[in-house]
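Respectively, the protein sequence lines represent chains A and B.
Here this note's numbering is used: the first residue of the first sequence is 1089, the next is one more, and so on.
Here this note's numbering is used: the first residue of the second sequence is 226, the next is one more, and so on.
There could be a bad hint or two in this list.
Unchecked claim - Residues on chain B that point at chain A, a partial pick, calculated with CB under 8 angstroms:
1. A253
2. V257
3. K272
4. A293
5. C294
6. F305
7. G307
8. D308
9. T351
10. P353
11. Y357
12. L370
What the hints contain is simulated information worked out from the structure, not anything from laboratory work.
Using N, Cα and C, we set each Cβ at its ideal position, and we do this for glycine too.
Okay, here's what each chain looks like letter by letter:
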Amino acid sequence: MKFRAMTAIAAVMLAPTFALAEADDDTMVLNEETEMVTKTAAPAHVADALDQVMSGWHFRSDETQAMQLDDFDNPGMVFVEAGLETWDTVEGSEDKSCSSCHNDMDSMAGVRATYPKWNEAAGEVRTLQMQVNDCRTSRMGAEAWKYDSGTAINMEAALSSVSRGLPVNVAIDGPAQSTWEMGKELYYTRTGQLDLSCATCHEDSYGMMIRADHLSQGQTNGFPVYRLKNAKLNGAHSRFKGCVRDTRAETYNPGSKEFVALELYVASRGNGLSVEGPSVRN
Amino acid sequence: MKTINKIAAASVAGVIALGSASWAEMIAPTDVKFGEYGEVEMSLTGKPGNPEQGAVVLGNRSLGNCVACHVVGALADIPFQGDIGPALDGAADRWSAAELRGILVNSKMTFEGTMMPAYYKIDGFTRPGNAYTGKAADGPLDPLLSAEQIEDVVAFLSTLKDE
């Protein structure tokens, strides 16, 4: 109605986005067999802010959504293949590959869903990439991968792919609690000259349009995410960095203790949603 | 202070952007006086703005980018207008020029805790960056819009009347 005066061409361009100004009610069934949980009651620790948590999938166009439903259509699966190859590749001074210790990738089912996770021996919360790098340096005698680099993301995608359909279930209590609190603090801190927090966009405004973007809840259950925009897989920390930059702020870097804490906190807001990575977004 | 120096330097360099307003009449971001409800009575430049220029500021991504959050029916040829804030149609029926100026300078003085950015404010931010580079600011911040651009936007919004 407000757009009655739009030129024909603009109206055509707007149509698909405005058709789903709210999160849609579609159901995600992966490869015609795995029913995915893309909306669920908010976990207790976010119930004061949200009734329901929703996957970013619901905020994307039908075409983009469809690409994620079948592994043959999902452009992220090529990178999973590359990750699987690396899984079996011997590297480093110890003459080992990942599979020398872990057998095949299926043995990793469920792992992705619990990360970031407290590591008792190291006395820190670790993301999946940190854990992989620990295996590489301390068990394989190989070099650590750069955070969110292509190789690291491919491995994360391969690990994630075998957890698809399982509910995100990160622990926030016990020794992880102080890191979680730090992440929560970062989530609600307004930064930059635009003075916006994660919450201003993804808690207060999800479902609305910010220029051409349909704001989702900013959940991480789909990571790594294949973005049509840059035609590659993207890590959660790189996404955080982009979002913070967009507030005209000085960002933190992928792998920083701030982003590790933020990843734990954001992941916990999606506890109960199915792991989707590699997902497809625009 | 720094801004005044910059403005002075700019006018020395003969930058036309300041138009005919002499810098002495400019109100610096840190000197703006707000009324009880967040309104700003005094023109920031001491002269009326240009509504056509104001329309450009509203729609331009690297200027006000107001349409990122607001629908503006009068600018219907700009695609992808966001809907986070209220539609600006009829804004001049709801707000006086002084109130519109206040909302632009620092909307939080009118709407507590609002998401709308402050367009003429240079301090009090957490981790201010160097524009959209993600790097730390490398010196004092410039306001998001100049005094003249604010007045241009006020002039444009003042034309948005339904009644």
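Query raised in the report: Holds or violated: is the Cβ of B:G307 closer than 8 angstroms to a Cβ in chain A?
Result: 4 angstroms, holds
Query raised in the report: Should the interface hint for B:D308 be scored as holding, given a Cβ-Cβ cut-off of 8 angstroms against chain A?
Result: Hint holds; B:D308 Cβ to chain A Cβ min 5 angstroms, cut 8 angstroms.
Report task. Answer holds if the nearest beta-carbon of chain A is closer than 8 angstroms to that of B:V257; otherwise answer violated. Result -> 16 angstroms, violated
Query raised in the report: Close enough to count: is the Cβ of B:L370 nearer than 8 angstroms to one in chain A?
Result: 12 angstroms, violated
Query - chain A contact restraint on B:P353 - CB to CB distance below 8 angstroms - result: With Cβ-Cβ at 5 angstroms, under 8 angstroms, it holds.
Query raised in the report: Taking 8 angstroms as the limit, does the beta-carbon of B:C294 come near enough to a beta-carbon in chain A?
Result: 6 angstroms, holds
**Report entry** Closest C-beta approach of B:F305 to chain A relative to 8 angstroms, hint status
**Finding:** 4 angstroms, holds
Query raised in the report: Can the hint on B:K272 be confirmed by a CB-to-CB distance to chain A that is less than 8 angstroms?
Result: 27 angstroms, violated
Query - Interface hint compliance - B:T351 to chain A, C-beta minimum distance less than 8 angstroms - result: 5 angstroms, holds
Query raised in the report: Any CB of chain A closer than 8 angstroms to the CB of B:A293?
Result: With a closest approach of 4 angstroms, the B:A293 hint holds.
**Report entry** Hint validity - B:Y357 Cβ closer than 8 angstroms to any chain A Cβ
**Finding:** 6 angstroms, holds
Requested in this report: Double-check B:A253 for me: the hint is only fine if its C-beta lies closer than 8 angstroms to a C-beta in chain A.
Outcome: 17 angstroms, violated
This entry does not satisfy hints 1, 2, 3 and 12, going by the numbered hints stated previously.
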